[in-house]
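Dock chain A against the given chain G, drawing on the hints supplied.
Residue strings, one per chain:
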Amino acid sequence: DAKTTQPPSMDCAEGRAANLPCNHSTISGNEYVYWYRQIHSQGPQYIIHGLKNNETNEMASLIITEDRKSSTLILPHATLRDTAVYYCIVRVAQMNYGGSQGNLIFGKGTKLSVKP
Amino acid sequence: DTGVSQNPRHKITKRGQNVTFRCDPISEHNRLYWYRQTLGQGPEFLTYFQNEAQLEKSRLLSDRFSAERPKGSFSTLEIQRTEQGDSAMYLCASSLDRRRGNTEAFFGQGTRLTVV
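Protein chains in written order, with the numbering used here: chain G, 106 to 221; chain A, 5 to 120.
Same shape as in the complex, but just chain G (with noise of 0.2 Å):
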């Protein structure tokens, strides 16, 4: 089972910056936070990721609670093509290779439309 809590959708102004809130009260210390995004009849692709230090790159920004129980994905100035389901994911940092850790599993995600 998912190990996040997510709203199940969101609403953001084109040009604005989107906000979106996961839940994650039980990741250990071992685990990332990682997101995707699905856009509608594609394969998820992936954003960002961080372990406790915020993070930022070309598509988005990461701030993780210093407790870690909570995160939020920011989308500096979202526009149309941004709407999409968001999937938050906690995953075991796989420490040794050929470990079993890793895959990702999936909740329903937050489905963020943009609005003109």
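I should point out that these hints are in silico values taken from the structure, not numbers from a laboratory.
One or more of the hints may lead you astray.
Lysine to aspartate or glutamate pairs mimicking DMTMM-like chemistry, simulated, CA-CA at most 25 Å apart [what the hints assert, rightly or not]:
id : chain 1 : residue 1 : chain 2 : residue 2
1  : G       : Lys108    : A       : Asp101
2  : G       : Lys157    : A       : Glu60
3  : G       : Lys108    : A       : Glu60
4  : G       : Lys108    : A       : Glu108
5  : A       : Lys15     : A       : Glu48
6  : A       : Lys61     : G       : Glu136
7  : G       : Lys108    : A       : Glu72
8  : G       : Lys174    : A       : Glu60
9  : G       : Lys174    : A       : Glu48
10 : G       : Lys213    : A       : Glu48
Same frame as chain G, now just chain A:
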């Protein structure tokens, strides 16, 4: 295009027929995953390979399902005696498993199966 490739993109079959899907992972990715996704749900893990070895299978993978990765490169997923409940999007993903940890998983566009 050097991404994950899945064929066919769409498949319509009659109940009781066998179907086979193919996945070509990103070159040099040693880990390959299969997922299934039904409407309104997140992707559900089915199985994964480390090179040619199938290391984990979900309980969702019934006896009618079989996956192979004979040379550690492409993979096939076969469904025998298809049922209407098998109608879904079948997603393949690949990643590189290294001693210092896994890379993120990259997904293909999926094969949409409709059983009539």
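For the pair we were handed, G/Lys108 and A/Glu72, check the Cα-Cα distance against 25 Å.
29 Å, violated
With the threshold set at 25 Å, check whether the alpha-carbon distance from G/Lys174 to A/Glu60 stays at or below it.
28 Å, violated
Between A/Lys15 and A/Glu48, is the straight-line Cα distance small enough, at 25 Å or below?
19 Å, holds
Taken at face value, is the distance from the CA of A/Glu48 to the CA of G/Lys213 at most 25 Å?
Cα-Cα ~10 Å, so holds.
With the threshold set at 25 Å, check whether the alpha-carbon distance from G/Lys108 to A/Asp101 stays at or below it.
With Cα atoms ~23 Å apart, G/Lys108 and A/Asp101 stay inside 25 Å; holds.
Could you grab the alpha-carbon distance between G/Lys108 and A/Glu108 and see if it respects the 25 Å cut-off?
18 Å, holds
Within a Cα-Cα threshold of 25 Å, do A/Lys61 and G/Glu136 meet the stated pairing?
The hint holds at about 22 Å.
25 Å Cα cutoff - pair G/Lys157, A/Glu60
Judged against 25 Å, a Cα distance of about 29 Å means the pair is violated.
For the pair supplied as a hint, G/Lys108 and A/Glu60, confirm whether the alpha-carbon distance does not exceed 25 Å.
20 Å, holds
Would the hint linking G/Lys174 and A/Glu48 be met if the CA-CA limit is 25 Å?
24 Å, holds
Of the numbered hints given earlier, the model fails hints 2, 7, 8; all others are met.
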